[in-house]
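Participant: Below, each chain spelled out in residue letters.
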Amino acid sequence: MGHMDAQKDLYREEAYELLATLEGALLELEHAPEDLEIVGRVFRAMHTIKGSGAMFGFDDIAAFTHAIETVYDLIRSGELKVSADLISLTLASADQIKAMLDASQGMGEVSAARTDELSKAFAGYLSGAASEGDAAAAIEGLKTCCDQEDRQPLTTYRIRFCPHKDLFVNGTNPIPLIGELRDLGESTVVCHMRGLPDLHELDPESCYTSWEIILTTTRGINTIRDVFIFVEDASDISIEAVDVMAETEPDPSYKKVGEILVDRGAISEEELKAALCAQKRIGEVLLEKGVVDKAEVASALAEQEQVRNMRKKRAAAEETSSIRVPAAKLDSLVNLVGELVTVQARLTEFAARRSDADLTGIAEEVERLSAELRDISMGIRMLPIGTTFSKFKRLVRDLSAELGKDINFTMEGEDTELDKTVIDKLSDPLVHLIRNSIDHGIERPEVRAASGKTPMGTIELSAAHSGAHVLIRIKDDGAGLDADAIRAKAVEKGIITPDASLSDKEVRELIFAPGFSTATNVTSVSGRGVGMDVVKSSIDSLGGSVELASEKGVGTTITLKLPLTLAIIDGLLVNIAAESFVIPLGAVVECVELSEDARRHAHGRHLIKVRDEIVPYIPLREVFGIADGTPPIEQVVITELGEARVGFVVDKVIGQHQTVIKSMGHMLKNIDNVSGATILGDGSVALILDVYKLMQQSERMEGAGQM
Amino acid sequence: MSKTILSVDDSASIRQLVVFTLEKEGYVVMSAVDGRDALAKMKTKPVDMVITDLNMPNMDGIELIQALRKDQSFRFTPIVMLTTESAQNKKDAGRQAGATGWIVKPFKPEQLIAVVKRLLG
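Keeping their order, the protein sequence lines are chains A and B. For reference, each letter of the first sequence is one residue, going 1 to 707 in this note's numbering. For reference, each letter of the second sequence is one residue, going 708 to 828 in this note's numbering.
Only true hints are included.
The calculated lysine to any residue pairs, modelled on SDA-like cross-linking and capped at a C-alpha distance of 20 Å, are: (1) A:Lys552 - A:Asp482; (2) A:Lys393 - A:Asp439; (3) B:Lys777 - A:Ser206; (4) A:Lys165 - A:Ile229; (5) B:Lys815 - A:Ile229; (6) B:Lys798 - A:Leu74; (7) B:Lys798 - A:Leu167; (8) B:Lys797 - A:Leu74.
Restraint ranges, calculated between C-beta atoms of paired labels, are given here: (9) A:Ala123 - B:Ile820: 34 to 44 Å; (10) A:Lys313 - B:Ile820: 28 to 38 Å; (11) B:Gly828 - A:Pro384: 33 to 43 Å; (12) A:Cys162 - B:Ile820: 25 to 35 Å; (13) B:Gly828 - A:Asp233: 14 to 24 Å; (14) A:Leu286 - B:Gly828: 29 to 39 Å; (15) B:Gly828 - A:Glu205: 12 to 22 Å; (16) A:Ala488 - B:Ile820: 56 to 66 Å; (17) B:Gly828 - A:Glu240: 22 to 32 Å; (18) A:Glu271 - B:Ile820: 52 to 62 Å; (19) A:Glu186 - B:Gly828: 16 to 26 Å.
Quick caveat, the hints were computed from the structure, so don't treat them as lab data. The beta carbon of each residue, even a glycine, is placed where N, CA and C say it ideally should be.
Excised from the complex, chain B in its bound form (with noise of 0.2 Å):
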C-alpha cells in the first residue's frame, strides 16, 4: 500500500509542489495549512510521515513536532522540517524538539524525494 505524507505549510505555492514531487512518486499526500490544520487532520486520518514548514501562523513548526512526539501514536513518525534558516539554532532547536530530518529552503524536487525516501524506505 502506497504511504501517506502529510504536506503542512502556510504557501500554497510550496504544498502544490511537494504535492506534485511526491504523487508523482506514487505517494498519497495531503495537506494541511498550518501546525493546528496539520493535527486536526492527523486526528482523521493515520499519516506515514510529515513534511512541515517551521514560519507558520496560529501554530508553528516546531509546537508541532513537539505536539506529535508528545502523542502516543506519532512517537516515531518519521517528521521533516522545512527551513529556510540554515542557521544551526533553528535546526537545533526542530531536532530538540524531534523532527528527524530536514530540507533546506530553496529545495529542488529531487533533493526532496531523496529526504523522503531516505527516511520512509
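Chain A extracted, bound-state conformation (with noise of 0.2 Å):
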C-alpha cells in the first residue's frame, strides 16, 4: 500500500509540473497558433497526465483529459485550428485538473459542475469522431480486464502455431510462447521441422519450425490466443478444443474384435496378444507410405495419450469421491491400530531377542505396514478446522452490533488439519476468546477514533502447523490488557497479596488464575463467572498450552497450542531404574549425560551447562520416589516448552517409541505430572510424562522451598 502512496504522491508532483509545462505552451501558442511544435507539447503534457492517471487511480483525471488529448491530437493533424477561445478554455481546464489533484489529497472540493461544462466545452470541438465514451470504457476496461477469470472445465486443445519464415524480424523468440502455454496446464508439445530446407539453403534468420502442442488446462480459448496477440500476424495457429471433461456423454466405442473373441473363449489372451504383436500399428503403416511424417504421427500419438490420460484422472476422480462414515467406526478403528502397533512392538522386542533373520525381516515389514496403517487412520480422523472457524463469523458479527462495535474479522489457515476429537473440544473455548476479544479487547468506535487508531477494530483468527502441533491464534487490536487493573483486580479477589511482585508476564497470566474477571460491567457477553481459567483447563486437557501476549493501547494475541492427534504419538522412551517411561518426542531438543562430577559442580543445585547455557532438571528419580541405585552416569532429555527448556533426569535412554495412548481410568485421573499410559512390546506399561505439569510442579515446589 505504501508503494502505492508514494508512486501517487510521485503523479501528483510529476502533474503539477506538466500543467506548469502546459501552461506556459499554451501561452506561447496564443501568439503563434500554427506552431505545430508547441501543439505537440500540449499534446504530450495531456497525454501523460491522463495515461498515468488512469494507472495510479485518478479516473476522474483521466477521464476529464481524454477528451482535451483528443482535440489537441486533432489540431496536430491538421483537423482542427487553434483559436483563442480554445486556449482559454485548456487554461481553464488546466486550473480544474489542478483542482482536482489539490482535492486528491484532502486540499479544497472539486465543483463537478464545472468540470462536466468544461468536459461538454470540448466535447464541442469534436465533430462526433471520438465520445467522450471512450475514456470511460477504457478505464472500465482496465478494471475488467485482468479481473475476467478465464476459467472452464478441462478442456483438452489441440494448438498449432507455425510461425511464418520471418518470425524473428520483430525481435520474436517462439519459444517462450511455448513455455507460457506449457504453464497454464499440462502439455505434450510436438515440433515439425519438415520445412526444414538443406544447410546450403538454410537462413539462420528465417524461422523454419512449427509445432504442435496438446494442452489439457481449465484456461479458456481466450487465455490461449492471448499468448499469441503478438505474433498473430506473423503466423498461422489454430486452437481447436479435442476434448472436453464437462462433457459426460458415454463412451459410444463398443469392445474391439479382438476383445470380445476372449471373451466368448474364442481365442485366449495369449493369443490375442501374440496377434496384435504381429499386426503393425496403423501409424508405422501410414509411415511406411509415406502418407505422414514421424513427428506428424508423434503429435497424433500425444494427443490420444493425453485425452486418455486425462479421461482416466476424470474417471478416477469421479470414484473417489467421498463417502460418509460413523465417527465411531473411526474410533474403533484408530483404537485397533493402537492394538496392532502395540502387538507390533512385541513382535520386534521378540524378533530381536531371537537374532533369527527370517524373523527381523518379517517384524520390520510389519512395523513400516503398521507405522503406515497409523498414518493413514490419524489421517482420516482429520478435519480442516475450517469447519469450527466459519461459526465464529456469525458470533462476531451479532455481538459486535449489540455492543455497538465495528469489527473486522479475518480468518486464515481454516484448511490447517486436527484429530476430530481436538476439533470437537476446541470449539467452546474459541467461542470464549473470540467474545472475550469483542467484549474486553476492541474498544467502541469513538473511544477508538480518540486513541487514533481506526474506528473499525480487526480480531483475527489463525491456524498454522508448527510441527507436531498446530497453532491457532486469536489477534486483536483492542485495548490490550492493562496490567494495573489486573493486578487491583487479582488483589481485591484475594488472588494475590498487595505486596507480591510479580512481572508484567505474570500479573497478566493472572487472568487464568480460577473466577477472574476484569470486566467493571458485567455485560450479557463474558462476565459471567465462565473465566479464562476454563479455557485453559480444558487446553490443557487436550495436551496443549495457552500463550497470552498484549500491549496496552495495541492490542492482545492468544496463542492455542495444540497436539495434532490424542490417539497416537511419538515419544522417546526412557529408563529409571527397572521402570519404563515415554516423555512426548515433539517436546524433546536433545539428550545429554549427567556425571557425578558434573552433579557435584552444581553445588546440589540442579542445574546442567548445555552448550554454554544453564538449563534445570528435574530428577525424575526423585519424583517418581524410585529407591537409589543412581548409576554413575545418568542421562538428561532436555526438552523444550515455549520459551523454558528443562532437562529430565532418567538413567538410561532406550530410544524412539511409537506410542499408544491409554487414559489411566478414573480411580487415577489426579495424578496430575503423567497424562497417560501405553504398553510395551514386553507387555509392561509405561508411564507417558506429562512434561508440562511436571514443569510447573517443579516451579512450585522451588517456590515453596525459597519461602
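Both chains are sitting in their own frames, so use the hints and assemble them into the complex.
Facilitator: Following this line, the structure appears as C-alpha cells:
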C-alpha cells in the first residue's frame, strides 16, 4: 500500500509540473497558433496526465483529460485549428485538473458542475468522431480486464503454431510463447521440422519450424489466444478443443473384436496378444507409405495419450468422491490400530531377542506397514479446522452489533487439519476467547477514534502447523490488557497479596486464575463467572497450552498450542531402574550425559550447562520416589516448552517409540504429572510424562522451598 | 545472469512504475527519458529488451524503434511499445517499424510482467 501511495505522490508531483509546462505552452501558442511543435507539447502533457492518471487511480482526471487530448491530437493532424477560445478553455481545464489533484490529497473540493461544463465544451470541438465515452470505457476496461477469470471445465486443446519465415524480424522468440502455454496446464509439445531446407539453403534468420501443442487446461480459449497476440500476423495459428471434460457422454465405442473373441472363449488372452504384436500399428503403416511424417504421427500419438490420461483421471476423480462414515467406526479403527501397534512392538522385541534373520525381516515389514496404517487412520480422523471457524463469523457479527462495535473479522489457515476429537473440544474455548476479544478487547468506535486508531477494530483468527502441533491464534488490535487493573482486581479477589512482586507477564497470566474477571461492568456477553481459567483447563486437558501476549493500547494475542492427535504419538522411551517412561518426542530437544562430576560441580543445585546455556533439570528418580541405585552416569533429556528449557534426568534412554496413549482411568485422574500410559512390547506398562505439568510442579516446589 | 531491460518514457511516474515492477521480478532495469537518450544509453550498455512510450519529445517511440531495427546489434531485440491509443493505426505504425509487442495504457503491473515474460522468457 505504501508503495502505491508513493507512486500517487510521484504522479501528483509530475502532474503539477506538467500543468506548469502546459500553461507555458498555451501562452506561447496564443502568440503562435500555427506552431505544431507547441501543439505537440500541449498534447504530450495532456497525454501523460491522462495515461498515468488512469494507472495510478486518478480516474476522474483521466476521464476529464481524454476529450482535451483528443482535441489537440486533431489539431496536430491539421483537422482542427487553434483558437483564442480554445486556449482559454484549455487554461481553465488546467486549473480544474489542478483542483482535482489538490482535492485528491484533501485540499479543497472540485466542482463537478464545472468539470461537466468544461467537458461538454471540449466535446463540442469533436465532430462526433471520438466521443467522451471512450475514456470511461477504457478505464472500465482496465478494471475488468484482469479480473476476468477465464475459467472453464478441463479441456484438451490441439494448438497448431506455424510461424511465418519472417517471425524473427520483429525480435520475436517463439520459445517463451511455448513455455507460457506449458504453464497453463498439462501439455505435450511436438516440433515439426519438415520445412527445414538443406543446410546450404538455410537462412539462419528465418524460422522454419512449427509446433503442435496438446494442452489440457481449465483456462479458456481466450487465454490461449492471448499468448499469441503479438504473433497473430506473423504466423498461422489454430486452436481446437479436442476433448471437453464436462461432457458426460457415455463411451460410444464398444469392445474391439479381439476382446470380444476373448470374452467368448474363442481365443485366449495370450493368443490375442501375440496376434496384436504381429500386427503393424496404423502409424507405422502410414509412415511406410509416406503419407505422413514421423513428427505428425508423434503428435497424433501425443494427443491420444494425453486425452486418454485425462479421461482416466476424470474417471478416477468421479470414483473417489467421498463417503460418509460414522465417527464411532473411525474411533474403533484407531483403537484397533493402537492394539496393532502394541502387538507390533512385541513382535519387534521378540525378533530382536531371537536374532533370527527371517523373523527380523518379517518384524520390520510389519513395523513399516503398521506405521503406514497408523498414519492413514490418523489422517482419516483429521478435519479441517475451518468447519469450526466458520461459525465464528456469525458470532462476531451478532455480538459486535449488540455491543455497538465495528469489527473486521478475518480468518486464515482454515484448511489446517486437526484430530476430530481435538476440534470438537476446541469450539467452546474459542467461542470464549473471541467473545473476550469483542467484549473486553476491541473498544467502541468513538474510543478508538479518540486514541488515534481506525474506528473499525480487527480480530484475526488463524491456524497453522508447527511440528507435531497446531497453533491457533486470536489476535485483536484492541485495548490490550491493563496490568494495573488486573493486579488491582487480583488483590481485591484475594488471588495475590498486595505486596506480591510480579512481572507484567506474570500479572497478565493472572487472568487465567480461577474466578477472575476484569470487566468493570458485567455484560450479557462475558464476565459471567466462566473465566479464562476454564479455557486454560480445557486446553490443558487436550495436552495443549495457552500463551498470552499483550500490549496496553495496542492489542492482545492469544496463542493456543494443540497436539495434532490424541491417540498415538511418537515418544522417547526412557528407563529409571526397572521402570519405563515415555516423554513426548515433540518436546524433546536433545539428550546429554550427567556425570557425577557435573552434579558435584553444581553444588547440589539442579542445573546443568549445555552448550554454554544453564538448563535446570528435574531428577525423575526423586519425583517418582524410586529407591536408590543411581548409576554413575545418568542421562538428561532436554525438553523445550515455549521459551523454557528443562531437563529430565533418567538412567537410560532407550529410543524412539510409537506410543499408543491409554487413559489412566477414573481412579487415577488426579495424578497430573502423567498424561497417560502405554503398553510396551514386553507387555509392561510405561507412564507417559506430562512435561508441562512436571515443569509447573517443580516450579511450585522451588517457590515453596525459597519461602 | 539477470536480463537488462531499458524503460523509455518521458513520464517519471511511468518509468518508476516499470522499474519498480520489473526489478521486483529480478530484472536489471535502466531508464531513459526519450528516444535520443535511449539510443545513447544503449550504445554504452547492451540491453535484452526495450519498453518504450510512443509519444515523447526529441525522438518518439516509432523513430526509436526504426533506429534500433536498423542497428545490426538490436535487430532481434524485443521491443515493447506502451500506447494509450488502443486505435489500430498507431499500433500498426509501431509494428511496421518493428515493435515486437505492445501494452495498452493504462496497464497493471501484472500485465507488464506477463508481456515481459512472454517475450524474454
